[in-house]
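Undergrad: Here are the chains, one letter per residue:
Number of protein chains: 2
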Amino acid sequence: MIKIDIEALERRYKANLINSLSGFKSLNLIGTCDEDGNTNLAIFNSVFHLGADPPLIGFISRPNSVPRHTIENIRKSSHYTINPVTKDNYQQAHQTSARYAQKISEFEACGLEYEYIKEFKVPFVKNSPIKIGVDFVREVPIMENDTILVIGQIVLLEVPDIALNQDGFLNLEQLGIVCGSSLDSYHLTEQISRLAYAKPNKS
Amino acid sequence: MIKIDIEALERRYKANLINSLSGFKSLNLIGTCDEDGNTNLAIFNSVFHLGADPPLIGFISRPNSVPRHTIENIRKSSHYTINPVTKDNYQQAHQTSARYAQKISEFEACGLEYEYIKEFKVPFVKNSPIKIGVDFVREVPIMENDTILVIGQIVLLEVPDIALNQDGFLNLEQLGIVCGSSLDSYHLTEQISRLAYAKPNKS
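Respectively, the protein sequence lines represent chains A and B.
FYI, our numbering numbers position 201 of the first sequence as 269, with every residue one higher than the one before it.
FYI, our numbering numbers position 54 of the second sequence as 122, with every residue one higher than the one before it.
Hints are supplied without guarantee of correctness; some may be wrong.
Treat identical chains as interchangeable: a pair holds within one or across any two.
[Claimed, not checked] Computed cross-link-like contacts, DSS-like style, restricted to lysine-lysine with a CA-CA straight-line distance of at most 25 Å:
hint	residue 1	residue 2
1	K171	K270
2	K186	K267
3	K171	K194
4	K270	K186
5	K71	K82
6	K82	K171
7	K270	K144
8	K71	K194
9	K144	K186
10	K144	K82
11	K194	K144
12	K171	K155
13	K189	K144
Read the hints as simulated data drawn from the structure, not as lab findings.
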């Protein structure tokens, strides 16, 4: 074991290391539109569960030191889509993190087909196996580092019935959904087991 | 694909399904102490990266409909430890989610040895391969569902040098760290690859 003097670390090294510490992360593409219908797609490793009832989901938007098209579009249109990254599209998903100009759609630039579902105004990633349509609820500024917690409510949901267990558990692994670590590492998963609801006098 | 009518779902089914949607999750044991030095340990699947500089980390504390010893202790002592769950301790880690009484330490009740490091007042999980000591920064109420975002700053860090790459990337997989999905599923990972920093005209 080595003790790390965090403050003494070089900037890029520190980013790689500190980003490793929170563990494995979900990887999702967030789709948005501006007021003219121009689409945007960007990969996020910070989408997390906030609550089931109501169905709330959060993500962190990085500081506005450079333009952040995703949060700008969400403020304008109030809707977005969350599209899990899979083993089949993780390379294109990673490419969406490049700094494309505002007028460029990452759907086209990165080779990811889009798909609209019914009346929902923002496109989904066609080959992503779960379709999550979200209404913007609120943004919470994190003044300590100028990031923003974006809170949304899930209003549209389509899932493959083949992966949906009888108790509502959705088998992400069966769908080829991947996870990430640090800033740039992609991982498949292998289920160990599901464990029963824990009670004090039972193991 | 089937369209899900979320509002019509039975409560437990809904919890399993909505908890699946955010993707794979980090799994961490959070260690705390009350003012008398009584220790507490609880598993969380909502620890996430907030920023590298300063090194900030967040997690979500569930609603106070039942006593929440972790957040209560953090308010009292201002310090906590974050201990990644591994393939060797995930069963004991899961058991910490049982509702033990306030005076019971989950370290003892669940068979997880503790370890103190230097002057840091809160214990770490001895067999967890990464030691993260955190100072409480602030709590942010999420009034939409009475959860709380807890923000902390990493002030103590020890990692195994064998898993630390030259660029600061920490190999979680090599350390046997696991991830979770939905409420009760545990997964090993298998790295696909690390990808280069993305630029617009390069794939």
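Undergrad: Output the indices of the hints that this structure fails to meet, ascending.
TA: Violated hints (numbers, rising): 2, 4, 6, 7, 10 and 12; every other hint is consistent with the structure.
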